[in-house]
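Make the full structure from the sequences, and use the hints.
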Amino acid sequence: MSRSVLVVDYGLGNIMSVTRALTICGADVHLSSSASDFIGAERVIIPGVGAFADGMEGLRRNGLLEPLRNYAESGRPILGICLGMQLLLSTAEEFGDHEGLDLIAGRVVAIPNTGTDGHRHKIPHVGWNALHRAANHKGEMLLHDLGDSPHVYFVHSYSVVPQNESVRVADAYYNGRRITAVVNQGMIFGCQFHPEKSGEVGLKILTNFLSI
Amino acid sequence: MSLDHHQHNGLNKDGSNFPCDTVTKVSGSVRSLLRIIARLDVKGANLIKGMHLEGLRIVGDPQEFAQQYYQQGVDEIIYIDTVASLYGRNNLVEIVRRTAESIFVPITVGGGIRSVDDVRTLLRAGADKVAINTAATENPSLIEEVARSFGSQCVVLSIEAKRRPGGWEALVNNGRDRTGRGVVEWAMEGVQRGAGEILLTSVDQEGTRKGFDLELIRAVATSVSVPVIASGGLGNAEDLVTVVQNGCADAVAVADALHYNRCSLSDLRRKAHSAGLEVRML
Chain A
241 MSRSVLVVDY
251 GLGNIMSVTR
261 ALTICGADVH
271 LSSSASDFIG
281 AERVIIPGVG
291 AFADGMEGLR
301 RNGLLEPLRN
311 YAESGRPILG
321 ICLGMQLLLS
331 TAEEFGDHEG
341 LDLIAGRVVA
351 IPNTGTDGHR
361 HKIPHVGWNA
371 LHRAANHKGE
381 MLLHDLGDSP
391 HVYFVHSYSV
401 VPQNESVRVA
411 DAYYNGRRIT
421 AVVNQGMIFG
431 CQFHPEKSGE
441 VGLKILTNFL
451 SI
Chain B
183 MSLDHHQHNG
193 LNKDGSNFPC
203 DTVTKVSGSV
213 RSLLRIIARL
223 DVKGANLIKG
233 MHLEGLRIVG
243 DPQEFAQQYY
253 QQGVDEIIYI
263 DTVASLYGRN
273 NLVEIVRRTA
283 ESIFVPITVG
293 GGIRSVDDVR
303 TLLRAGADKV
313 AINTAATENP
323 SLIEEVARSF
333 GSQCVVLSIE
343 AKRRPGGWEA
353 LVNNGRDRTG
363 RGVVEWAMEG
373 VQRGAGEILL
383 TSVDQEGTRK
393 GFDLELIRAV
403 ATSVSVPVIA
413 SGGLGNAEDL
423 VTVVQNGCAD
433 AVAVADALHY
443 NRCSLSDLRR
453 KAHSAGLEVR
463 ML
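Read top to bottom, the protein sequences are chains A and B.
Residue numbers for the first sequence follow our numbering, so the first one is 241 and each next one is one higher.
Residue numbers for the second sequence follow our numbering, so the first one is 183 and each next one is one higher.
These aren't lab readings, by the way, just hints derived from the structure by calculation.
A couple of the hints might just be wrong.
To be verified - Rough simulated footprint, nothing fancy, chain A against chain B, three-plus residues with beta-carbon under 8 Å:
1) 279–287
2) 306–316
To be verified - Taking beta-carbon pairs under 8 Å as the criterion, some of the chain A residues facing chain B (in silico):
3) N254
4) A261
5) S276
6) V395
7) G442
For glycine and all other residues, C-beta sits at the position ideal for the given N, C-alpha and C.
What follows is the structure, given as C-alpha cells:
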C-alpha cells in the first residue's frame, strides 16, 4: 500500500515536526504549497499552529482554497491538525468573524474562561488530556487500536463546535468544558490535539490515517 | 525599582485570581494533566548543570539525555542555551534539529532569542515553543511580535526570579544581571502582551535540591491566566507533589534530579499519582 501524503505548507505551523512524525510512521511525505500537487495527491494533511485568520490568509495567498475544497470533495482522505482542523469548519470567532473552508458545518469558538464549576481556569488549554470517544461515534479509523482513553497533547485557546453531532468522534474535557477532540465526516478528519507531539499514541494515530 | 509586595503575591488565597484548587488536583478530574518536563541546560554541545544558574558542570550529550527521557515518557523537553544570551549567538539550532527527528513530544527552546526571525529559525528546526527572557525584558514588545506571528501558544516567558525583601526581582543572563522588574508584575505584563506560558525559575533554589520556592511559584501561578512551569530546586519526588499542591504549579521542570538519576520519571509519576495528582498514562 502506498503511504504517500501531501503536507500543506502555507506558512503556518510546525511542518517539520509533522513531517518527521509522518516519516517515522513510514510515510512518503511531500511538502507543498502548490495547487497543482493536489490533483494527484492520495492523502492530505493540513498542519497548523497560530491564528485562524492568518491560516485562511496563508491558504488564500497560496491559491489553495479551491484546490483544497475540490480535493476534499473528491473523497480522498484529508486530516486537519489543530488550526488545520479548525480551518475545515464554516466560521470562526477569533478576533472578529472569519470564514473557513466550510468542509464541515460548524463554528470555531473561544474555550470558556471558566470551568463548569464557575471558577476561572487557564487558557490556553495546554497539556496532555484523555480522549473520550463520543457515544455515537462511527469514525473508528483514526483511533483504531488505541485503548479506552488515550492521552494526547493539546495546546489551543479555541475549539470546534460542529453543527452536526454525528461528526464528533472524540472529546476531551477541560474542567468540565467539552472540547471537540476528533471529527470525521466522510473522508474528512480533524484532530484538535497534536498527534505529532503526542508520543507513541500520536504516532499510532498518524499511522492509522496513513492506512486509510 | 518596584518589587512585588507580600499582600499582592497570591499567598492570600481569597485574593488570588486563579485559586489553586481549580487549577490543580481536581480529583477524578477533567483538567489537563500535570506535566512533568525535562529541562536540559546546554552550553555549546554539552548538557550542563550548575547551582543558582552558575558554576556550570558538564553532564553529557543533551541529545542522548533527551532521547532517554522521551523513551521514559517525559511530557515535554525544554532546552535552554545558557550562553547564547551573553554572546548574542545561537548554536541551539542543530541540537534542536537532531532532537526533533526522534522525539515526538513538545520541545521548548530558549537562550539568546532576540527577534521574530530567531523564533522562525528555531520553529523550522523543530521547536514547538520558544522561551524568551533577556530580550523580552529589554524589549517587551518582542513578546507581542512573536505572539502575533506564531501564536501565544508558542511564547513561553522565561523568568529568573531572585528573592528580595518584599518580593522577587526578575534577573537575566542566567541570574547575573538585574532588571529592576518585580516578578509577579512582569509575569502579568508578559501574559497581557501575549505570553502563553511562564517558565519560572528560582535563582535561589536552582541546583540546591532543597525544594521549590513555593511562595514564588504560588504568587505567580495564582496571578496569571496561563500555565506556570515551576523550575529550580527539586530534590526528590515529594517536592514535585508539594509544588503542585501548595505552589499551584501547572507543570514542573526537572533538571539535575533526572540528569544525575536521583529520581526517575517513573518515580515522579508514581509519587504524583499516589498523591492524587493526575499524570499521563503510558
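Hints versus structure:
{"no.": "1", "hint": "279–287", "result": "holds (count 5)"}
{"no.": "2", "hint": "306–316", "result": "holds (count 4)"}
{"no.": "3", "hint": "N254", "result": "holds, 6 Å"}
{"no.": "4", "hint": "A261", "result": "holds, 6 Å"}
{"no.": "5", "hint": "S276", "result": "violated, 25 Å"}
{"no.": "6", "hint": "V395", "result": "holds, 5 Å"}
{"no.": "7", "hint": "G442", "result": "holds, 6 Å"}
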